[in-house]
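My request is simple: use the sequences and hints to build the entire structure.
Respectively, the protein sequence lines represent chains Z and V.
Position 16 of the first sequence, counting from 1, maps to 16 under the numbering used here, and the rest follow consecutively.
Position 107 of the second sequence, counting from 1, maps to 1107 under the numbering used here, and the rest follow consecutively.
Some hints could be false.
[To be verified] Capping the alpha-carbon separation at 30 Å, the derived lysine-lysine pairs in BS3-like fashion look like this: (1) K18(Z) - K55(Z); (2) K3(Z) - K1068(V); (3) K71(Z) - K55(Z); (4) K1042(V) - K13(Z); (5) K1071(V) - K3(Z); (6) K1042(V) - K1057(V); (7) K1042(V) - K57(Z); (8) K70(Z) - K18(Z); (9) K71(Z) - K1058(V); (10) K71(Z) - K18(Z); (11) K1042(V) - K55(Z); (12) K70(Z) - K55(Z); (13) K1057(V) - K1068(V); (14) K1042(V) - K18(Z); (15) K13(Z) - K71(Z); (16) K1022(V) - K1042(V); (17) K1058(V) - K57(Z); (18) K1068(V) - K57(Z); (19) K71(Z) - K3(Z); (20) K70(Z) - K3(Z); (21) K1022(V) - K1071(V); (22) K1057(V) - K70(Z); (23) K1022(V) - K57(Z); (24) K1042(V) - K1058(V); (25) K57(Z) - K18(Z); (26) K13(Z) - K3(Z); (27) K55(Z) - K1057(V); (28) K1037(V) - K1071(V); (29) K70(Z) - K1058(V); (30) K1042(V) - K71(Z); (31) K3(Z) - K1058(V); (32) K3(Z) - K1037(V).
By construction, these hints were calculated from the structure, which means they are not laboratory data.
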Amino acid sequence: DVKVTQSSRYLVKRTGEKVFLECVQDMDHENMFWYRQDPGLGLRLIYFSYDVKMKEKGDIPEGYSVSREKKERFSLILESASTNQTSMYLCASSFLDSYNEQFFGPGTRLTVL
Amino acid sequence: GENVEQHPSTLSVQEGDSAVIKCTYSDSASNYFPWYKQELGKRPQLIIDIRSNVGEKKDQRIAVTLNKTAKHFSLHITETQPEDSAVYFCAAKGSGAGGTSYGKLTFGQGTILTVHP
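Below, the structure written as structure tokens:
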């Protein structure tokens, strides 16, 4: 059974704080993704990684960075949180092959005050 | 890059009716089109997918059709049940060469489906 876990379900931070969101998968997937989900906007890709230490920008990378030091772990970093980054953040992973299912984590609801 | 538009944003049906959700995409090279279902408070899960070399695919009460010429694809749910109530997302994957495009999906805006008993 594929398991993708995220470090927190709910997080409240203040404007300007540095925020770390962590994702761990146990299926030896090459690909890992970070999305944000907002009502009416669907799932928007922030960053993805297809290998350790490799990262690619998604559609909305501004204000975010990522780190992948180990294959099973992919971190999303908000260098200086802002109120417009209040959102649901979803991590996903998949095998490298183009047609593979993405498995999602439970999500982190981040509120920036 | 790829752009995916999904309609309608909300859909309300009576139990037993059919439901259809439509998506259009912009990149004619896109070759993989999955659909994900997200129940309230839960994570999205893949329910069906179709590749560009196939026009239609069925799995029990759900089916997906693809029209490559018109660049649109649709999800059809027959004999809807209350447990079908969820948010449905379509997605498309381009066929760009190189590892950087592997597995990257562009999602539609989502459709909130409500099935009334």
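Comparing the hints with the structure gives:
Under the criterion of a C-alpha separation no larger than 30 Å, the hint pairing K18(Z) with K55(Z) is consistent with the structure, at around 20 Å. Restraint check for K3(Z) and K1068(V): the C-alpha separation of about 34 Å exceeds 30 Å, so the hint is violated. With a C-alpha separation of about 12 Å, the suggested pairing of K71(Z) with K55(Z) holds against the 30 Å cut-off. Note on K1042(V) and K13(Z): the hinted pairing holds, with a Cα-Cα distance of about 23 Å set against a maximum of 30 Å.
For the hint pairing K1071(V) with K3(Z), the CA-to-CA distance comes to about 34 Å; that exceeds 30 Å, so the pair is violated. For a cut-off of 30 Å, the pair hint linking K1042(V) to K1057(V) stands: about 26 Å separates their Cα positions. For the hint linking K1042(V) to K57(Z), the alpha-carbon distance of about 26 Å falls within 30 Å, and the restraint holds. For the suggested pair K70(Z) and K18(Z), the alpha carbons sit about 21 Å apart, so the restraint of at most 30 Å is met.
The suggested pairing of K71(Z) with K1058(V) is violated, with an alpha-carbon distance near 35 Å, which exceeds 30 Å. Annotation: proposed proximity of K71(Z) to K18(Z) holds, straight-line Cα distance about 23 Å (limit 30 Å). A distance of roughly 27 Å separates the Cα atoms of K1042(V) and K55(Z); the hinted pair therefore holds under the 30 Å criterion. A C-alpha spacing of about 13 Å is found between K70(Z) and K55(Z), which places the hinted pair at or below 30 Å, so the restraint holds.
Among the hinted pairs, K1057(V) with K1068(V) is consistent with the structure: their alpha-carbon atoms are about 14 Å apart, no more than 30 Å. Simply put, K1042(V) and K18(Z) have alpha-carbon atoms about 27 Å apart, close enough for the 30 Å limit, and the pair holds. With a CA separation close to 28 Å, the supplied pair K13(Z) and K71(Z) stays within the 30 Å bound. This hinted pair checks out: K1022(V) and K1042(V) have alpha carbons roughly 23 Å apart, not beyond 30 Å.
A C-alpha spacing of about 34 Å is found between K1058(V) and K57(Z), which places the hinted pair above 30 Å, so the restraint is violated. A C-alpha spacing of about 28 Å is found between K1068(V) and K57(Z), which places the hinted pair at or below 30 Å, so the restraint holds. At roughly 14 Å between alpha-carbon atoms, K71(Z) and K3(Z) fall within 30 Å of each other, so this suggested pair holds. Note on K70(Z) and K3(Z): the hinted pairing holds, with a Cα-Cα distance of about 16 Å set against a maximum of 30 Å.
For the hint linking K1022(V) to K1071(V), the alpha-carbon distance of about 11 Å falls within 30 Å, and the restraint holds. For the hint linking K1057(V) to K70(Z), the alpha-carbon distance of about 37 Å lies beyond 30 Å, and the restraint is violated. This hinted pair checks out: K1022(V) and K57(Z) have alpha carbons roughly 28 Å apart, not beyond 30 Å. For the hint pairing K1042(V) with K1058(V), the CA-to-CA distance comes to about 24 Å; that is within 30 Å, so the pair holds.
Taking the CA atoms of K57(Z) and K18(Z), the gap is near 20 Å; set against the 30 Å cutoff, the hint holds. As the CA atoms of K13(Z) and K3(Z) are separated by approximately 27 Å, the hinted pair is consistent with the 30 Å bound. With a CA separation close to 34 Å, the supplied pair K55(Z) and K1057(V) exceeds the 30 Å bound. Under the criterion of a C-alpha separation no larger than 30 Å, the hint pairing K1037(V) with K1071(V) is consistent with the structure, at around 22 Å.
For the given pair, K70(Z) sits about 38 Å from K1058(V) by alpha-carbon distance, which is inconsistent with the 30 Å threshold. Taking the CA atoms of K1042(V) and K71(Z), the gap is about 25 Å. The hint holds against a cut of 30 Å. For the suggested pair K3(Z) and K1058(V), the alpha carbons sit about 27 Å apart, so the restraint of at most 30 Å is met. Of the pairs offered as hints, the one joining K3(Z) and K1037(V) holds, with about 17 Å between alpha carbons and a cut-off of 30 Å not exceeded.
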